[in-house]
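> Top to bottom, those sequences are chains A and B. Counting from 0, one number per residue, gives the positions in the first sequence under numbering that gives the first Met the number 0. Counting from 0, one number per residue, gives the positions in the second sequence under numbering that gives the first Met the number 0.
Rather than coming from a laboratory, the hints here were simulated on the basis of the structure. Virtual Cβ for every residue (Gly too), placed ideally from N, Cα, C. Heads up, a few of these hints could be off.
[Stated by the list, open to error] Just some of the chain B residues that point at chain A, by a computed CB distance under 7 Å:
id, residue
1, Ser13
2, Leu105
3, Gly126
4, Val128
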Amino acid sequence: MDTRPLETAADPKGLRRIAIDPLSRVEGHGKVTLLLDDDNRVRQARLHIVEFRGFEKFIEGRPYWEVPVMVQRLCGICPVSHHLAASKALDRVAGGWPVPPAAERIRRLMHYGQIVQSHALHFFHLASPDLLFGFDAGVDQRNIVGVAAAFPDAARQGVMLRKFGQEVIRITSGKRIHGTGSIPGGMNRAVDPAERDALRAELPQVLAWAQDAVALARRLVEGLPPRYADFADTPAAMMSLVGRDGAMELYDGVLRLREADGRIAVDGFDDQRYRELIDEAVRPWTYMKFPYRRSLGVDDGWYRVGPLARLQNCDFIPTPRAEEARQAFVAAHGGRPVHTVLATHWARMIELLHGVETVAALLDDPRITGGPLQAEGPRQRSGIGIIEAPRGTLIHEYEVGDDDLVTRCNLIVSTTHNNQAMNEAVRAVALRYLDGETITEGLLNHIEVAIRAYDPCLSCATHALGQMPLAVSLRAADGRVLDHVLRSSTGELLRDGPAHDAEAAQ
Amino acid sequence: MTAPLLVLGWGNPSRGDDALGPMLVDALAAYAGRALPAGAVDCLSDYQLQIEHALDLVGRERVLFVDAAVGLDAAFAVSAVQPQRERQITSHALSPPALLQVFVDLQGCAPPECSLLALRGRRWALGEVPDAAACEDLARALEWATGWLERFASPQVAEQGVIA
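Same shape as in the complex, but just chain B (with noise of 0.2 Å):
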């Protein structure tokens, strides 16, 4: 039974700040675990978002896509995902728009709805690990996510259509 909700993060755990996003993934999992019905929600982290992870997005009411990214004035931002054909030189790695694109090509029909959470981040060093700064972000980025799936998981919060 496929979860109507996917979390899906990506990131090199060892190479500083980019673990901050299956770091993210965890802790959200952790929650779902104590906190709501089995099977609501689906987790998953990867080192890069890829190809065959549309895969992943089929059969879902909705997905949240947490990455670290540079440059961000806040902790972390949160903005919708819509398929988009996009000019890439490498496909190692898919930006989220262009995975939506790539279900839509496979699947021939919509994407769930998506939303993309970017987590602040600093450093990326191999070996490195978030530090304090980038631990207090992910708090807060954690704070919204776990609205994110409370608002979700109850089926009749999510008839209201609610999404960031």
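Only chain A is shown next, with the shape it has when bound in the complex (with noise of 0.2 Å):
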């Protein structure tokens, strides 16, 4: 489905204009617009985020030792893929790549319990509410809370799941948050015994839950209503680390690009050349930058990141059970690309299970309770860190001078990889659903379902009280608001009251 046209309007005089603040936090850090003429039709879908807008600069003049923990305040869900991301780029710098085998172990230990958590928060508490009970279901059902009351054996599964991916961080780094187990050149603590021995003894009745969340995300994909089959079906090539035997490889590995039709593009790319292989554009509307191909230019190169791509960029997963899975998932859909992103959900579940069993596999090897745990090399100036991160390829980059100070961050996190994917689903959402429809909360959440199977992280912005999920603003031709609904951090529709912020931009 082309959707392109409706990225910018050719005349957007006259439209009607409705932004929505799905995503945001305080500050207004995510947003869908949309512009209607007169008869409902869409004429142009735009999402914004500005996430991490700024970080950067707050990286650059630190001592590059302090970074794998400062960049955990990124994010308060995936703090572990920053913190691996920022050490593996900083390696290089301290002259400490490859990092010892303990130490590369542990790490890969405590990346693949930050899938598992990551993952499992979001399918069981993020989106299985819509596949449970439907796009258009109430929205005081559909959450969490409603999962719990309608679902108890899978809400609890998803809990204890993720409680185990996060103890799994504990053991590794340290701490529940906020740890400092890996630094560069490798790690600073091993693995306590006790602390294995315990995780150990969980793991049969974790690997099982995963094994039942895979079924559960294929059955709930796959029993989605008629209309919801070609949902947010956008052909994009795919990219993702791979192994060079071309496993699917989460830590470490090399670039692969795979055509929107299956066909390997650029493969066994070294990962300290990602500058070769992309390069970002900017639009003025949005503060997220477009990263592109740069032997397809901007308009022609974007692609998507993340499980899906994952799972179809592989050519098997090192896990047999989670291999297993993944060829029953090629099977259903005939050997062809998947490119509708609700199979998102049920990529995402086989990865889950790959990292339980990843984990199964670490617990067992005796290097992680000791030897030695750091490297040390030629100091260098710079260094680029990539990871696959639960919801994506997430890159790192610093340069640091003879003080030892950083002088240049560059971060391309997986919701920027996936800036121009997440637009085009809003578009093809816009035009399938709400194209000519009267505009109502359960359409509206249809774009949000499309944006959720992406997993964009805006979760580095502030949580406090008092906030302003959502609003949404209509106005006539002449910027007159005729409608503004807000909708309560509780839920409730509000009408009446002033338009948000955030709607006033463009």
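Since each chain comes alone in its own frame, lean on the hints to assemble the complex.
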């Protein structure tokens, strides 16, 4: 489905404007704007995301050894991913790459624990309400509390899977949050055998839950009503790390790009040369950049990252249960590339299963309990660290002066890679489900469902009491506010209030 | 051994007054280390209140939630928290009442007695630190929170069922 004409309306004058702010925290970090004509036909649809603005500047001037800890404050959902991506980049600055085998395995353990906890949170507590209750269900039901009430076993499994992943993080990083385990050049702690054994004892149950999660995700995705069969079907190239043998690889590997039709376009690409592969463009209507393949240019070079891309980019998954699930996913789609975004949930649960299997294997590896943990070597002036975070490829790049202070920092986070892909999904949904219709909360939720599938991470924003999660304003052609609806933090719909500040933006 | 008291605060330490919750928890933990018997209280902080924190409430007698708040007229405010099935559009961050409802749904029993200590926040920009006014508010809230700890860490007083 070609949705590109909706990026910019040919003549925006006279069009009504709707602004949705479904993803914001305190300061309005994400929103969707729609321009409609008098017949409610969609003429423009844009997703604006403004997270991470300024964080690079926040890092510059800091001693490089502080950075792996500091960057965790980017995000309350995936701090470990930033911790490890920064560490990998600064390993090279410290002259400590590759890190010793024990450190490499402990970091992997931490990373796959992060995959498990993040994927569990997303599926069970963010996405499953839409899938379990339907996109049009009332907001009082369409949330995790509704899941806990109607499907207590699923809710409990979600909580326990997330808890398990967080315990893996705790025994490797030293703390539940703000861990300091990974440092430039390696690790500063090994895994305590008693804590390892406690987690190993939980593995049979956790593996069973993870397999149940795959089955549930498949059942929910395949059981969607027929009118959602092609929901937000947006063919896109797929980028991720893979192992040198083509295996799914989430901690360290080479870059692979696969075209939307399934052909491999780039393979075995050195992550330290990523700048030769992709560049970033800007649009005047959003703070978030648009990465693109240099070889194809800004308009045609966009791509997708994350579970749906990774699952189809790899040749195999190197753990047996997840590989069996991957093969079932491929067979269920007739071996054709899959671009319907709701399949991401199924892919995400297969990755969760892979994460649990990988954690199990690493807990059996005696090297995680000791041995040399830090490497040393000639100091470098720059370093790049690429990791597959739960939401997709995460790039950290640093330049460091002779005084050990960071002079330049560039971060390309998963949500940024998916910027254009999410915009395309919003446009596809707007055309398919909203075009010509009276806008209702249920229809607006269709857009949120498409965005949620990408699990965009806006959690670096503050969360404080009294926030404003969603506002919708409808304006006439002359700019007058015809209708304004505020959905409060408790889900109540309130009318006649002032328009949200974010609504004033483009 | 699960401590009977839990202090659970949240906020991003790098975003202005959002740091107030974790700062109060840190200060309270330091106080407890000096003044209370070991195992009397657990002090936890996180970026956001999330679903698995329901499991941190298991086995507690009393819980004090701590978070920065928008729009408070006073330096801090204290309120009792009850389970509530709220209508929310995201679960990346739960409210205290919603968390208690998750506890009820998962555990099948009533949650411990919970209070929310809301700290007045005004500035939330990345890289900012709480200013002198915020620190003054924090000191007043800490004084109240220290009293809460002293009151309920003493079994004799706890039996009287005093709660703010």
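> Run every hint past the structure and note whether it holds.
Here is how each hint holds up against the structure:
no.: 1; hint: Ser13; in the structure: holds, 4 Å
no.: 2; hint: Leu105; in the structure: holds, 6 Å
no.: 3; hint: Gly126; in the structure: holds, 5 Å
no.: 4; hint: Val128; in the structure: violated, 12 Å
Going through the hint list in order, the structure does not satisfy hint 4, though it satisfies all others.
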